[in-house]
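Number of protein chains: 2
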Amino acid sequence: MPIIVQKFGGTSVADIEHIHNVAQKVKNEVDLGNQVVVIVSAMAGVTNQLIDWANAAVSDHDDREYDVIVSTGEQVTSGLLALCLQNINVDARSWMSWQIPFQTDNNHSKARITDIGTTAIRNSLNSGVVAVIPGFQGVSSENRITTLGRGGSDTTAVALAAALAAQRCDIYTDVNGVYTTDPRIVSGAQKIEKITYEEMLEMASQGAKVLQTRSVALAMRYNVRLQVRSSFEDAPGTLVLNEDEIVEKETITGIAYSLEEAKITLRGVKDRPGVAGRIFGSLADASINVDMIVQNVSENGETTDLTFTVGKIDLSTAVEVLGELKDEIEFANVTTNPNVSKISVVGVGMRSQPGVAKTMFTTLADKGINIQVISTSEIKVSVLIASDYTELAVRALHSIFELDNPSQLES
Amino acid sequence: MPIIVQKFGGTSVADIEHIHNVAQKVKNEVDLGNQVVVIVSAMAGVTNQLIDWANAAVSDHDDREYDVIVSTGEQVTSGLLALCLQNINVDARSWMSWQIPFQTDNNHSKARITDIGTTAIRNSLNSGVVAVIPGFQGVSSENRITTLGRGGSDTTAVALAAALAAQRCDIYTDVNGVYTTDPRIVSGAQKIEKITYEEMLEMASQGAKVLQTRSVALAMRYNVRLQVRSSFEDAPGTLVLNEDEIVEKETITGIAYSLEEAKITLRGVKDRPGVAGRIFGSLADASINVDMIVQNVSENGETTDLTFTVGKIDLSTAVEVLGELKDEIEFANVTTNPNVSKISVVGVGMRSQPGVAKTMFTTLADKGINIQVISTSEIKVSVLIASDYTELAVRALHSIFELDNPSQLES
Numbered sequence: 001m002p003i004i005v006q007k008f009g010g011t012s013v014a015d016i017e018h019i020h021n022v023a024q025k026v027k028n029e030v031d032l033g034n035q036v037v038v039i040v041s042a043m044a045g046v047t048n049q050l051i052d053w054a055n056a057a058v059s060d061h062d063d064r065e066y067d068v069i070v071s072t073g074e075q076v077t078s079g080l081l082a083l084c085l086q087n088i089n090v091d092a093r094s095w096m097s098w099q100i101p102f103q104t105d106n107n108h109s110k111a112r113i114t115d116i117g118t119t120a121i122r123n124s125l126n127s128g129v130v131a132v133i134p135g136f137q138g139v140s141s142e143n144r145i146t147t148l149g150r151g152g153s154d155t156t157a158v159a160l161a162a163a164l165a166a167q168r169c170d171i172y173t174d175v176n177g178v179y180t181t182d183p184r185i186v187s188g189a190q191k192i193e194k195i196t197y198e199e200m201l202e203m204a205s206q207g208a209k210v211l212q213t214r215s216v217a218l219a220m221r222y223n224v225r226l227q228v229r230s231s232f233e234d235a236p237g238t239l240v241l242n243e244d245e246i247v248e249k250e251t252i253t254g255i256a257y258s259l260e261e262a263k264i265t266l267r268g269v270k271d272r273p274g275v276a277g278r279i280f281g282s283l284a285d286a287s288i289n290v291d292m293i294v295q296n297v298s299e300n301g302e303t304t305d306l307t308f309t310v311g312k313i314d315l316s317t318a319v320e321v322l323g324e325l326k327d328e329i330e331f332a333n334v335t336t337n338p339n340v341s342k343i344s345v346v347g348v349g350m351r352s353q354p355g356v357a358k359t360m361f362t363t364l365a366d367k368g369i370n371i372q373v374i375s376t377s378e379i380k381v382s383v384l385i386a387s388d389y390t391e392l393a394v395r396a397l398h399s400i401f402e403l404d405n406p407s408q409l410e411s
Numbered sequence: 001m002p003i004i005v006q007k008f009g010g011t012s013v014a015d016i017e018h019i020h021n022v023a024q025k026v027k028n029e030v031d032l033g034n035q036v037v038v039i040v041s042a043m044a045g046v047t048n049q050l051i052d053w054a055n056a057a058v059s060d061h062d063d064r065e066y067d068v069i070v071s072t073g074e075q076v077t078s079g080l081l082a083l084c085l086q087n088i089n090v091d092a093r094s095w096m097s098w099q100i101p102f103q104t105d106n107n108h109s110k111a112r113i114t115d116i117g118t119t120a121i122r123n124s125l126n127s128g129v130v131a132v133i134p135g136f137q138g139v140s141s142e143n144r145i146t147t148l149g150r151g152g153s154d155t156t157a158v159a160l161a162a163a164l165a166a167q168r169c170d171i172y173t174d175v176n177g178v179y180t181t182d183p184r185i186v187s188g189a190q191k192i193e194k195i196t197y198e199e200m201l202e203m204a205s206q207g208a209k210v211l212q213t214r215s216v217a218l219a220m221r222y223n224v225r226l227q228v229r230s231s232f233e234d235a236p237g238t239l240v241l242n243e244d245e246i247v248e249k250e251t252i253t254g255i256a257y258s259l260e261e262a263k264i265t266l267r268g269v270k271d272r273p274g275v276a277g278r279i280f281g282s283l284a285d286a287s288i289n290v291d292m293i294v295q296n297v298s299e300n301g302e303t304t305d306l307t308f309t310v311g312k313i314d315l316s317t318a319v320e321v322l323g324e325l326k327d328e329i330e331f332a333n334v335t336t337n338p339n340v341s342k343i344s345v346v347g348v349g350m351r352s353q354p355g356v357a358k359t360m361f362t363t364l365a366d367k368g369i370n371i372q373v374i375s376t377s378e379i380k381v382s383v384l385i386a387s388d389y390t391e392l393a394v395r396a397l398h399s400i401f402e403l404d405n406p407s408q409l410e411s
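Line order of the protein sequences matches chains A and B.
Okay, so the first sequence: first residue is 1 according to this note's numbering, each after it adds one.
Okay, so the second sequence: first residue is 1 according to this note's numbering, each after it adds one.
Here chain A stands alone, though its shape is the one from the complex:
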C-alpha cells in the first residue's frame, strides 16, 4: 500500500475545530487506500506561551531543558489529532520521537536528523493504524529530547517520507500552492502545477516563503515528491519534483523578490591577495550570511570597490565587523543601503534557452530601472534594484516572460 506523509502547520491546527478538519483530510487519504503518516505542529499560541515561560525563568537558557519545554506543544497536538481521528473511526496513534526512534545529533535547538527507525511505525501502518507524529523534534544519542529549529516540522515530514519511501509528502499550509510570483503584486499570478526542487529552492530562498529551504534540500537529496497544498480547500496544490518528472518545461517558472537584504559597499579596498577571504571570513564568523558579491576590476591596480548584500537584520553587526577590520585590510570607507530589492527570474528551462538575462536587463532598462548588482546561477538571474521599483519590476518581468494568467489578460 502506498504511504502518504501529510504535514499540517500551525495555522492548520490552530484550535480543536481546525484539528477536526485535519482529521477529515487524513481520512480522505485513508479512504483512497493509502497508509498515512501525519506530522503536526503546535496549536496557535502554545509554542509562544512555552517560550515566554522559558524566557521568564532564565535569560540564558540550557538548550537541553529548553527543548524539553518547547517540544510539548507538538506532543499535545499529536495526542489531540489521534483522538479526533478515532472519533471519525480512523484507527490512529501518536508516536513520540523516542518511540520511533527519530534520532538526531546532540545539537540541541537546531539538531540534525541522523537516523529514523521505521520498523515499529511500518508494523503499525501495516495493521491499519494512522501514525501521528509531533514535528520539529527528535531524540539525541544521549536519549534526550532535541528540537530541529526553525521550519523543523517540514523537515520532520520530508525525512519521514524519505525513510518510509513514501509516495508523496503533502505540506498543508494556508496557501494553496506556489505561484509564479506574489499574487499581492501581480493579480494574474498563476499557481504552478509542477516545479523542480532547484527552482523551489531559488523561489523559497528568494522570498517565496512557502517551504523551508532545509526541507526542500532534504527532499531533493532523497527524491521525495513534495506537494504544497491548502488545509482549507480541496484543490491539488503545487508538486515539487525531480526535473525528469516534468515533461513540458517552461523557460521561466517564476519571478521572486526579496526586500530582506541590504547592500554594503567597501570603497578603496587595497587590492591584494587574501583581502576578500579575510572580509567574508570575518562576516561568516559572526554568523552573517553574504548573498550577492561584486568586485570591480581594479582601476589603478592598487584599490578596488567591493559590493555585497547581507540580511537587513545583520546590517549593523556587519558594519561593526567591518569597522574592526579597517586598520588591517585598509579601505577608504563603507557605505550601506537598506533600500534595495532583489528580483530573481527562476527557471530550469533557461539552461537551454539563452537570452533570459538579456530580456531581463532590457525590460528593466525600458522601465528606467537601474541595476545595482547582478548574480546568476544555472537556473536563475538575480538583480539588485532600488526597492521603490519592486512592484514595477516584478510586474514587467512576469509579463515579458509570459507568466500572466491568460484568462486574466482577456478580462
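Do not rely on the hints blindly, as some may be mistaken.
Unchecked claim - In silico contact screen, one side only, chain A against chain B (beta carbon under 8 Å); selected entries:
1) Ile-16
2) Ala-57
3) His-61
4) Val-76
5) Ser-78
6) Leu-80
7) Val-297
8) Asn-300
What the hints assert, rightly or not - Covered stretches of chain A, going by a simulated chain B footprint (3 or more residues, C-beta under 8 Å):
9) 81-87
10) 345-358
Please keep in mind that the hints were generated in silico from the structure rather than gathered at the bench.
Here a beta-carbon is modelled for each residue, glycine too, at the ideal position from N, C-alpha and C.
Given the coordinates of chain A, assemble chain B onto it according to the supplied hints.
Using the frame of chain A, we list chain B on its own:
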C-alpha cells in the same frame, strides 16, 4: 551522601515566580550536603487546559492519547525548574519517565508502578546533578506514556524515595503539616510533629486531605520517611513514620471528620444467607465504595435492617442499584440521609489504652449528640452523627482527649 526526595504540588509551582522559590528550597537541601531528587506537578491551570482540549476533541477518549496530552503539563514544569536551578548555580537536569525508566503497567490514566530504573539517576546524582522529574506519569511495558491518576505526583515521589532508599521524602504543599484536627473548626488545633503511617491513613481517608492515601500506603510498605511541609514557610512540618520511630506516643493523635458520606438504610430485608453479599457485591460492581456497615439483629428471625454509608456523590447511583435488586432480595424500603457526618478518633496509643470508645460515646451523649452508626479498627473509633453537630462534636472530642494547644487554652 544522603538522598532527599522533594515533591512540589500545583500551588507550589503555580507560576514562574513560584518555581524560582522552589529552586531556592532545592538549593537549601543541596547546601546541606544532600543529593536531591525533585518531583514536580503542572503549573496552575495547565492541566485543566489540557483536559479541556481533550474533552473538546472527543467525548469518549482513548486513555493512551489522553495520557500523551495531560502528561505534558509536568514535563514543562520539570524543564522550567531545571532552568531556574541552573540560574542559581545548582547543576540540574530533567528526567522524563522513559529516560529513567519509570515503568508502570498498561493501565492508562490510572497506571500502577512496576519498576524504577535507578542506575542513570544515581550516576547523575553522584556527579552532583539535581534530578528534576515530572510527577504523575510513567512509561508502560509497551513503551507508551501512562499517568498514575489522582494524587499521582505524591505517589511518584514516594516510589522514587523507596527505589533510591532516600533518607526522607518531603511533600511540599500549601499547609505546613498535619493537624490534630481541622484548625478552621478548632482554633487550638496543633501541628502534629510525628504521626504513624497507619494514623495518617486514617486521618487522610477520614477527610484530612493532605496526602493521598495511595502514597501513604506505599510509604508504609517501603518504610519511606515522609514529611508534610509548607512551600511558603521554612518551619519543619509533620513527619510520617513507622510506629517504632516515635518514642513517646500520645493515646490519641487526632480527630478527623468527613462530610462526604451519606447513609442508606434498607428496612425489612429478608434475613437469609447471601443477601449481604449480593447487595454489597452489586454496589462494588458499580464501583461504589461502602464504608461503615451495621446490621441489626433480626428481631423476628425473618427480617432485619441494614445500614451503611457510601460517598455522597455515589448516593443516587447506589439507590438505583438497590432498586434493581428489590425483587430479588426482598426488602420493605430504602431510606437515605445525606445530612450525616463521620467523626473519627485516631491514635495508635488506643491499643494499650482501653476506654477511648467509652470516653468518646459519653462525651457525645453529654452534648446531646445521637450516634447513628459505629465502626472501629485497632487504631480508630468512628461514629456517624447528624451533620449539624459536626463542629460541636469535633471541639468536644479535641478537648476531652487533651489535644488543644496549651498556649491557646491559657490565653
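Between the stretch 81-87 of chain A and chain B, see if three or more residues pass the 8 Å beta-carbon test, and mark the coverage as holds or violated. This one holds; 5 residues, not fewer than the three required, reach chain B with a Cβ under 8 Å.
The hint names A/Leu-80 as touching chain B; please verify it with the least Cβ-Cβ distance against 8 Å. 5 Å, holds
Just to be careful: measuring from the Cβ of A/Ser-78 to every Cβ in chain B, is the smallest value less than 8 Å? Holds - the Cβ of A/Ser-78 comes within 8 Å of chain B, reaching about 7 Å at its closest.
Double-check A/Ile-16 for me: the hint is only fine if its C-beta lies closer than 8 Å to a C-beta in chain B. Holds - the Cβ of A/Ile-16 comes within 8 Å of chain B, reaching about 4 Å at its closest.
May I ask you to test the interface hint for A/Ala-57 with respect to chain B, counting a Cβ-Cβ separation under 8 Å as satisfied? 4 Å, holds
Go through the hint on A/Val-76 and say holds or violated, using the shortest Cβ distance to chain B against 8 Å. It holds, given that the least Cβ distance between A/Val-76 and chain B is near 5 Å, below 8 Å.
Against chain B, run the beta carbon of A/His-61 and see if the smallest gap drops under 8 Å. 6 Å, holds
Can you verify the interface hint for A/Asn-300: is its Cβ closer than 8 Å to any Cβ in chain B? 58 Å, violated
The hint names A/Val-297 as touching chain B; please verify it with the least Cβ-Cβ distance against 8 Å. 55 Å, violated
Do at least three Cβ atoms from the stretch 345-358 of chain A come closer than 8 Å to Cβ atoms of chain B? violated (count 0)
Checked against the numbered hints given earlier, the structure breaks hints 7, 8, 10 and satisfies all the rest.
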